[in-house]
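Protein chains in written order, with our numbering: chain A, 1 to 266; chain B, 1 to 246.
Hints are computed from structural coordinates only; laboratory data are not their basis. Hints are all accurate, no fakes.
Taking lysine to any residue and the SDA-like style, the derived pairs with C-alpha atoms no more than 25 Å apart in a straight line are:
1. K158(B) - A262(A)
2. K158(B) - N259(A)
3. K121(B) - T185(B)
4. K158(B) - W256(A)
5. K158(B) - F255(A)
6. K158(B) - G257(A)
7. K21(A) - I40(B)
Over the 10 Å line for every Cβ pair with chain B, so calculated as not near, a few chain A residues:
8. A83
9. S137
10. S181
Computed list of chain B residues with no C-beta within reach of chain A, every gap over 10 Å:
11. T5
12. P18
13. G20
14. L109
C-beta: ideal position from N, C-alpha, C; glycine also.
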Amino acid sequence: MGRTWLTVPRDWVASLGDIAKFAARDFYEIFGGRVFKFFGEALRQAGILILGSTLVIWSTTFILGLQCGIEGAYFDRSVGAPAYAGVFSAWCDLREIMPYAFGYMMAAKVGTGLVAEIGAMRISDEVDALEVMGISSMTFLCATRLLASWMVLPFMYLAAVGAGFFASYLAVVQQIGEVSSGGYFLIFWMFQNPPDLLYSLIKGMTMATFIVIVGAYYGYTASGGPVGVGTATAKSMVLNVVGVHLVGMLGTQIFWGSNPRAPIGG
Amino acid sequence: MMILTGKTILSALRPPYPYGGEFVNQFLFALRLCWFPLLISTIAFGYGAPGLQAGNFLILFGAIDRLGGFFVLATIREFAPFVTAIILAGVAGTAITADLGARKIREELDALQVLGVDPVKNLVVPRFLALMIVTALFNIYALIFGIFGGVLATLTFKAPLGPFFSTLLTNASVTDLWGSVVKTTLFGAIIAIVSCYKGMTASGGAEGVGRAVNQGVVIAFLGIFAFNYVFTQTLLATHPEISVIK
Chain A
1 MGRTWLTVPR
11 DWVASLGDIA
21 KFAARDFYEI
31 FGGRVFKFFG
41 EALRQAGILI
51 LGSTLVIWST
61 TFILGLQCGI
71 EGAYFDRSVG
81 APAYAGVFSA
91 WCDLREIMPY
101 AFGYMMAAKV
111 GTGLVAEIGA
121 MRISDEVDAL
131 EVMGISSMTF
141 LCATRLLASW
151 MVLPFMYLAA
161 VGAGFFASYL
171 AVVQQIGEVS
181 SGGYFLIFWM
191 FQNPPDLLYS
201 LIKGMTMATF
211 IVIVGAYYGY
221 TASGGPVGVG
231 TATAKSMVLN
241 VVGVHLVGML
251 GTQIFWGSNP
261 RAPIGG
Chain B
1 MMILTGKTIL
11 SALRPPYPYG
21 GEFVNQFLFA
31 LRLCWFPLLI
41 STIAFGYGAP
51 GLQAGNFLIL
61 FGAIDRLGGF
71 FVLATIREFA
81 PFVTAIILAG
91 VAGTAITADL
101 GARKIREELD
111 ALQVLGVDPV
121 KNLVVPRFLA
131 LMIVTALFNI
141 YALIFGIFGG
151 VLATLTFKAP
161 LGPFFSTLLT
171 NASVTDLWGS
181 VVKTTLFGAI
191 IAIVSCYKGM
201 TASGGAEGVG
211 RAVNQGVVIA
221 FLGIFAFNYV
231 FTQTLLATHP
241 EISVIK
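Sequences and hints are given; from them, build the entire structure.
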């Protein structure tokens, strides 16, 4: 890969239709109910997701929450309104950085993990073995994982937002000490409401779905021995980070583009 | 990993310097691979997060011209380095891990050692230097396109561009710029060391290389996030004059 300047965009265009077809089949397996034959496998995958990825994702959102907190505290100090640091962290955390942090870590931990796992199965012909045994590999490998991520991730995401909020609180109130705890929370809760949380959740889940599908696609179509698995893993990461940014931008545009949802002005 | 860092720095400085050609190759490789993902990502990030959200907030006060000033904080200090590091770790870092991991699995690294070629000097050092320089240069590139995202956001609000640029340029300081460049150079070092280490210690056949890429990118991300926090905090605390709005 990387022989000429246009390799990356050309690769994407070439595989876009394939990925869309793959996603459509994945959705069909789930909404057609065929995946529930393997509900046990989906539960097992959910367990793996919880045990393997939760802590990493939470610590990512925690660190980025700290980051939002200090930037917000210094910015609001510079405009002479240190008491309003809560606005910055409420918006920065909930609307932008938490979905991004979640998306980055999902792509890095879960997305590449899926490619490595399914890709290794493909290389060692385990996928074909499944087909020979009469088990639809698409349902058993890809649809169960997507279902598992839908079962687990909303809750993991909400807890991750909590971790980010806690980190911003630590940074603004305890570390910088610019504003009292009560004053911070007054502003912080005033500038957000449940629909914001819902929108943020939708953003996060769209990213997660995108990442799981791309990961499963690259794993499922891996070829070319051990080296092929590594290359496929690297390629999936490229598409995933860009996808995360695009979903983030579109989400912001759709949910908050024309309506800032702030309790000021008219 | 620390040992690898030390070895890399030492053998980069100590003569002979046989890694010139490989350095240029790696440099161009990273450049070719990253320019397009980075272009899309920075425009998307600049338009969405700081552009629309902060613009919405400022437009309530009728102060949309201040968006340029906010972009100094948002883009130069924070998001351009950050997005650059994410893309470089996700694109170039994973490619390096996959490449070195493949060589390790095929025992090419052992073959090199048998031939008396030091893999650290000939493989790790050029990647380390190339990534450091490429990340710092890409930071400038990301900065330009991040600001382009801000311009798009300003146009979306149907505001004139003149005030955007005037507040942007009055608020930007040299400290911000060098802070941003130093930060990304060190991000590049983190990414290179983590990717090379994970690639060179890959083991276990087909799944091993994939697993190495997976772990490498997770560690690189966490390292970048943690380092970013410490660096920003130190810069803001030691240079109070950069956060004064002019």
